[in-house]
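Numbering (numbering that gives the first Met the number 0), first residue to last: 0 to 149.
Among the clues, some could well be false.
Here are the simulated lysine to any residue pairs, SDA-like style, with alpha carbons at most 25 angstroms apart [to be verified]:
no. : residue 1 : residue 2
1   : Lys46     : Thr88
2   : Lys60     : Leu102
3   : Lys46     : Met9
4   : Lys46     : Leu13
5   : Lys54     : Ser98
6   : Lys121    : Thr131
7   : Lys135    : Thr100
8   : Lys121    : Lys54
9   : Lys54     : Ala68
10  : Lys60     : Pro41
Everything labelled a hint here was simulated from the structure, so no lab data went into it.
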Amino acid sequence: MYRETEPENMKDGLEEIIRKLDFLIEATPIMRECANSAPADPLAVAKCIYGGRRKRAAFFKQDLFGEAAWDMLLDLYVSEHSGRRVSVTSATLASAAASTTALRWLAILEAEGLVLRQNDPKDGRRSFLMLTEQAKAQMEEYLRAVAATF
0 MYRETEPENM KDGLEEIIRK LDFLIEATPI MRECANSAPA DPLAVAKCIY GGRRKRAAFF
60 KQDLFGEAAW DMLLDLYVSE HSGRRVSVTS ATLASAAAST TALRWLAILE AEGLVLRQND
120 PKDGRRSFLM LTEQAKAQME EYLRAVAATF
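Build out the structure end to end from the sequences listed, making use of the hints.
In structure tokens form, the structure reads like this:
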């Protein structure tokens with residue numbers, strides 16, 4: 000028996016399938032890297048966690064899971080291991096939060112002794128961020144503990 004709502008329900012269902020397929024296509028490189036990395040590799044774990052957090056936006060509103068400080072710590076950890084310097088602007092973007100929120104959390108990370116700010120000698124308007132030795136050690140310890148659960 001045909002019902003008027005069936006095409007609309009089918010359309011909604013197909014749109015949901017397409018959205019999930021788009022997510023899988025986009026997430027596959029991250030998943031492949033996670034699956035192929037050594038389970039005790041903290042850098043691979045950090046990349047997987049950060050990548051997974053960015054992919055959540057395909058399923059949930061992004062503002063439901065605000066952890067600007069954690070996202071900045073993950074980004075700094077991955078960037079430092081990749082040899083990339085992170086500017087304050089880049090860190091705020093990596094946080095996926097409003098810039099004022101990210102800057103407030105950055106100030107807290109600095110006050111907690113987890114992040115250092117270094118002025119750019121070539122451009123006085125820009126500063127770079129880096130993890131402190133304490134933060135690096137804590138990140139390594141945490142990421143190894145997470146890796147051990149895989």
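Hint by hint, here is what the structure shows:
Only pairs whose Cα atoms come within 25 angstroms are accepted, and Lys46 paired with Thr88 is accepted, the gap being roughly 20 angstroms. A distance of roughly 22 angstroms separates the Cα atoms of Lys60 and Leu102; the hinted pair therefore holds under the 25 angstroms criterion. Distance check on the hinted pair: Lys46 and Met9 sit about 36 angstroms apart at the alpha-carbon level, beyond 25 angstroms; violated. Between Lys46 and Leu13 the CA atoms are separated by roughly 31 angstroms; this puts the pair beyond 25 angstroms, and the hint is violated.
For the given pair, Lys54 sits about 20 angstroms from Ser98 by alpha-carbon distance, which is consistent with the 25 angstroms threshold. At most 25 angstroms may separate the alpha-carbon atoms for a hinted pair to count; Lys121 and Thr131 meet this at roughly 23 angstroms. Among the hinted pairs, Lys135 with Thr100 is consistent with the structure: their alpha-carbon atoms are about 23 angstroms apart, no more than 25 angstroms. As the CA atoms of Lys121 and Lys54 are separated by approximately 36 angstroms, the hinted pair breaks the 25 angstroms bound.
This hinted pair checks out: Lys54 and Ala68 have alpha carbons roughly 18 angstroms apart, not beyond 25 angstroms. About 28 angstroms separates the Cα atoms of Lys60 and Pro41, which puts this hinted pair outside 25 angstroms; it is violated.
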